[in-house]
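> Here's the letter readout for the chains.
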Amino acid sequence: MKDTPRIDGAAHHDTPHDSAIKHVTGRAEYTDDIAEPADCLHAYIGTAGIAHGHITTLDLDAVRRAPGVVAVLTAHDIPGRNDISPSGLKDEPIFTTDLVQFHGQPVFAVVATTRDLARRACQLARIEYAPLPHACDIDAAEHAAYPDVTAPLTLERGQVGPALDSAPHRIQGRMRVGGQDHMYLEGQIALAIPGEDDEVSLFASTQHPSEAQHMVAHALGVPANAVVVNVRRMGGGFGGKETQMNLFCAIAALAAKQLGRAVKLRPDRDQDMEITGKRHDFRIDYDVGFDDHGRILAVDGVFAARCGWSSDLSGPVTDRALFHADNAYFYPDVRLKSRPIKTNTVSNTAFRGFGGPQGVIAAERMIEEIAYALGRDPLEVRRANFYRDGADVTPYHQTVEDNILLRLVGDLEQSCDYQARRRAVLDWNAKGGIIRKGIALTPVKFGISFTATWYNQAGALVHVYNDGSIQLNHGGTEMGQGLYTKVAQVVAEAFGVDIARIKITKTTTEKVPNTSATAASSGSDLNGMAALDACTQIKTRLVDFAATHWGVAPDTVHFLPGRVAVGAQVMTFAELVHAAYMARIQLSAAGYYKTPEIHWDRAKGRGQPFYYYAYGAACAEVSIDTLTGETRVDRADVLHDVGRSLNPALDIGQVEGAFVQGMGWLTSEELVWDDKGRLRTHAPSTYKIPLASDRPRIFNVRLAEWSENVKPTIKRSKAVGEPPFMLPISVFEAIGMAVASVADYRICPRLDAPATPERVLMAVDRLRALS
Amino acid sequence: MPHRQEIRFLLNDRPVTLTTVGASDMLLDHLRLDQRLRGTKEGCAEGDCGACTVLVGRIGGDGLAYDPVNACIRPLASCDGCHVVTIEHLRGHDGALHPVQQAIIDHHGSQCGFCTPGFVMALYALWMHNPHPSEDELDRALQGNLCRCTGYAPIIRAGLAMGSYGTSDPLIGERAQVERTLRNWHDGARVDVAKGGSRAILPANTDDLAHILAQHPDARIIAGATDVGLWVTKFLRDVPLAVLIGHLDELRDIQDTGDALHLGAMVSYAQAHAPLCQHFPHMGRYWDRIAGWQVRAMGTLGGNIANGSPIGDTPPAFIALGARLVLRCAAGRREIPLEAYFLDYGKQDLRAGEFVEKIILPKAAPNTLHAAYKISKRRDEDISAVAAGFSVTVEGGMITSARAAFGGMAATPKRASHAEAALTNQPFTMASFQRAASTLPQDFTPLSDMRASAEYRMRAAQNLFTRFWLEANGTPATLEDAV
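The listed protein sequences correspond, in order, to chains A and B.
When we follow the working numbering, the leftmost residue of the first sequence carries the number 1, and every step to the right adds one.
When we follow the working numbering, the leftmost residue of the second sequence carries the number 1, and every step to the right adds one.
Isolated chain B (complex conformation):
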């Protein structure tokens, strides 16, 4: 297998080759400090404000596709083989403004202007595949962009109008050339680069990954970097050796086996949306409340699970569905129930040299009702105060099986065993759900923090049993359903 000791990517219209790149070098600093492209702004350096939004294009199963990403927490090394597009590239060669830019000007969509390049890039990413979005689609596309001046109204008006400004666009004209360049670069090599004491390896494939981890069991695996990125930008933590795996197509595979949905660990939130909604329609609304578009494009299912956070959004919903986790190392694979992976705070059932390979979601048993709920201080792009998943099978008016899992309520994502027991073999009535809710303090002793008090977490979690029962019986019990 070839080894390469440089990364190469397209930056706007020119190739960039870098030999000195560490694991903790981020794309934004490279753009602003090394390339002196200063249209891309740093607002928070943690992937929450979107001021640094750029597009990253890569060749995937469907050819060349561009995602909006937060450059502040995008490891530079992970841009190998990609096309990075910044705000500077958006103006046409004749100097004409892009339709998205003109729409924002015409609708007075900028005030201080600092967030504006990020909004332009996010809207541009939307415009590419949906030039005539609805207000809801705009809201979702802009969940990862903060503006403190405009109140968003003029930006939304610009977004609604952007489809009527023509189709002049640099990436359309260059597409074939870009695709050729990226394909030519695809050499199947392991990439190994370093700067100072920080080294980044991009395995050639999953076998290579297993091999590398066997050799370097202490290596830090980085998937979408939406968590590890903050260790670097916020805590200045050293990353001596990182293995970047977001580019591994084998881990991005999605398979329907008939009785289950198999999701590769590197499937992003964005990529998972359609298959999840198809097989588990209740997940759609929940999914739309996970992070913003940029983080949904970067963050991966495997990363969300593997890092063991007690407030990750996917585990409660997946545990309720009976998810299983496939863990792999050089010696082979093993499969465990997802809930068994979370041993304690910061402690997971992940052995030396192992990595999360895929998540298996069994299809629902007949007569099963599902729900996934998230409660947060701000509705969108916020970390859960409480997240919950329910799966309840009802036959002949009796609950024959029940799974309920919660996040934000304990040191790990966890099933509500007492509540599940209280529901099982009970009549499918409000009273059964209220009894089950009353057992929650036996399963959970939540904490108070800046997101919510312990009292609120418990109270709201208990009330979700009521919401579940009401919704199962056709009574609207959420803001979205009440009209």
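Only chain A is shown next, with the shape it has when bound in the complex:
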């Protein structure tokens, strides 16, 4: 085996990120690093200073007169439609003209010779308002009878009322789960370059170039074919650049077309955080019935989400919360309802997991309730409720066919020595010291596919040049996850060439049209298959050519590592390609893929929205300080399922990164709005994402190497972007156990998220008072 020739960068190998050298040398170009065209102008957004009310005076004279200002844009300067709503509900103006719906809503934009001058000019606006009462959180919005921003969803199976009434045990509770800012290190940015006639070209940090293209086209009142959107890489996305950059693209393009000059728009970090959406915070009311063994009999849940001022993606986000409110557990009778409620805050949006984490954490809270009520190890309760034969239908009527959790959790339980360590934790706490410990092992089951079924399609464009070099393009975007590398590995293996022979090009709407957002963890699944389809088309032509040209049977033509066998002859890939070119064989192909089998009827709450599930489990051990509420993650062990990994190194990177990002969501990252509706945590000085020193002190991450996707996905791999984000719910539950120790584990700690030192200390005090 050792001597078997292999190509560099084959599938299933630890190929480094394609831009790794450029990253470490600072030569990787992000949008703000692109050399600006001559006379490039800079735009900046002027925003509203109240949370809710009418604009009575908009005086921009001083702004216009400010040094360096070239133009001031308002809604009146929009030739097309003043709307960038991705939901189609037309509820998201680029610039508001009258009604202000959140503090920081865009009202106008300044275009100046430098970014600094544009920023300074913005401050000179005189805006007067007739304020209206505002409602910034779920409770206030409910009290003020605010509407939903989009239609709610109900998932129902069986008869939940009677089942709850007849259950031997029943617990009702409420949980609040905080939101999360994406805090991508590279903020939002767009550079627009006007072209001739109605054309405009943009470079932007976007996960969804096609949507940006359409939004810009609508705003300019031109067809989509006049707009090109390009993105080579993003400095992080996490869902925050799926719809949120539409605003910046639209404004930059408007300015560029009006002025006939290139225009760049980059908000500073504070404005980025104030005017772009975040993870939805949820208020979850649950009612769970169960038996003496801890088996769940019925669940009734209402998932209210702070959606902000417009619909954006709140519909599908709250839908996905319901899709994951079962996590890994069978609910015999169930009713789940969403409440996507409007608030006078920024419009919340996609964020890794897309509502799923808020559903999963509710399921795990119910498990905790049952375990503390019955005095059992929560892991036992979890296992008793896993989907299993005969109990395998989800609340949305899809049957779970690929469940591997029993094996996965058993494997992790052994490898991390859960039972012995849990006993040690109990012993430690029994000593009654200031520092308490907790341990928890939690599973994840995550549904893969866009629930908007039509999004599950992708295109790729592969060119083979007559020197044998290959250019690869597809609709997926690179935000750090390594998508470009993985798809290039697929192509390298298809042609049997080293990955270095493949030039990975930027994502652009002029090569692959009508792309879906790079989101829902679907990037490799969709684009890998589309690229493979393109390769297969080219290879088929090459095989036919070779068989005819050299007079051999087609089944004797093989693409081997570094060479091609044509019957008894062996030649290089370049030699074959050049011969094919001379014989006028087309060496370029557009590939395409759509996910099979899936369907979803939202009105009925029924279907098979997911092609397959990805699984994982994590065990976390923590310490808490019962004097201050400070916490530390002492150890985390992860076993995660990515099927047959396309690139284990990159996949482990996704798992580690998701784990720490999820820890942040559940511990130190807290969004705070004041009574005027102003976001007070709008930069890293006030909004605290994890640091290196916050990562688990011992951090063991493994992939379930024995797993293989039962569905014929690309190389039998599974999606990896989002599922591991829910693994650190183990950290949250371990903190809960440490808190519960002060009341001898008789009371469910009912921690709300994030478990900041303050929440932990207050929970300790509350449990002490109750016990």
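Don't read these hints as lab results, they were simulated from the structure.
It should be emphasised that the depicted structure is a prediction, and the values quoted were computed from it without experimental measurement.
Heads up, the beta-carbon is just placed ideally off N, CA and C, and yes, glycines get one too.
Don't take every hint at face value.
Covered stretches of chain B (chain A as the covering partner; in silico rule of three or more C-beta atoms under 8 Å from a C-beta of chain A) [as the list claims (entries may be wrong)]:
| # | stretch |
| --- | --- |
| 1 | 80-93 |
| 2 | 380-393 |
| 3 | 466-476 |
Place chain B on chain A using the hints.
Quick look at chain B alone, frame taken from chain A:
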């Protein structure tokens, strides 16, 4: 005394001379916009994310030394006489990758890559003097760098391995030449530059500083710029006249007088670490939780005190130690207890033309127990919700004197007078400390804000009395001590 109306510094391998520089011009914009060196990134423009980390070398008492700094809030004028090293300089002349870069690639330490140049530079700063760091040392060195993709694990693995990648390094080869250039430039001149309506003066020495302030009492003194930098980048505040003093070696002096430690106002947090740990070992752990390395290298003790913030990290710990402040102006000096400097929110006992010259920390009386505590939402690189310093002298089982000071609990850093009184002349028992804690509401009415609620601040501050007593009696009562 010579006057110079330009600044000059080495940027990677070439000298830069600038005549038009304002007080509010920052190094990062100069690098990205004027020099078109775009490897250095802007992530937050407030010194919290580290994406803009560059090295700044200057000649100090120990010769040429390089610090990692946040270019976003580093005033350009303050780079006079320095060597600025950016990510672009790190690759060898033969194109080979630096050991730190290769280690990061081999350990898959970059994902989106936007934070990566900053991590490379921070690790490089560590590698220069400690190529084989421990995990704890890596954690501390990277407290000022945020990564949102990797979860840090592969970066730490790269840091643990970086010492095994050889010693090829551009700054080692150039060192003698750089040192010569910088020394040749050292002309003892006052530097006075301006752009538009914004003027920056770098005094030639402290006498010159006193003289300048006497002439311009409204001038804004800028030390490490880790606070004033944000006025510029965040609030676009005009700085018509700034006097930059971070380079004044006389103010960086550290002296042990036998009965006290004298720390010059421009001693950085990083520079203060060793002497503080030597004389006040309890300060080590506290010090490690102040900001990140970049800010510890830039920020100064004098700056932290002089700006009068109620949430500065040094005042509570220093007040508990009985610190005294030396204030100087052209007419002379005066010395006050540190706590007396803080009059009210935003109001300090600083007269026109005066500046903070040094901080005097008296050595501990025998039988005195000290502690310094910080509570924040995130353990590292966060602003305190509550900070506290305790100094308690115990003789024969009785508390003979007690000092307790808190930050984050009032409009200024402040002593807990009632609690101190409640402890003094009481038996050294848990009950005494609990009684003292119960008096805190008489001294403090904390606020609620995004960092913590008033209720939490009070509760946690009271609990620190319990922690102090437990620790004084050898009972582990912090996360760090519980194993």
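> If a hint holds in the structure, say so; if it does not, say that too.
Going down the list of hints, with the structure as the test:
For a cut-off of 8 Å, the count of residues in the stretch 80-93 of chain B with a CB near a CB of chain A stands at 5, and the three-residue condition holds. By the rule of at least three residues with a Cβ nearer than 8 Å to a Cβ of chain A, the coverage given for the stretch 380-393 of chain B holds, with 5 such residues. Coverage of the stretch 466-476 of chain B by chain A holds [criterion: at least 3 residues with CB-CB distance below 8 Å; count 5].
The structure fails none of the hints (numbered hints given earlier).
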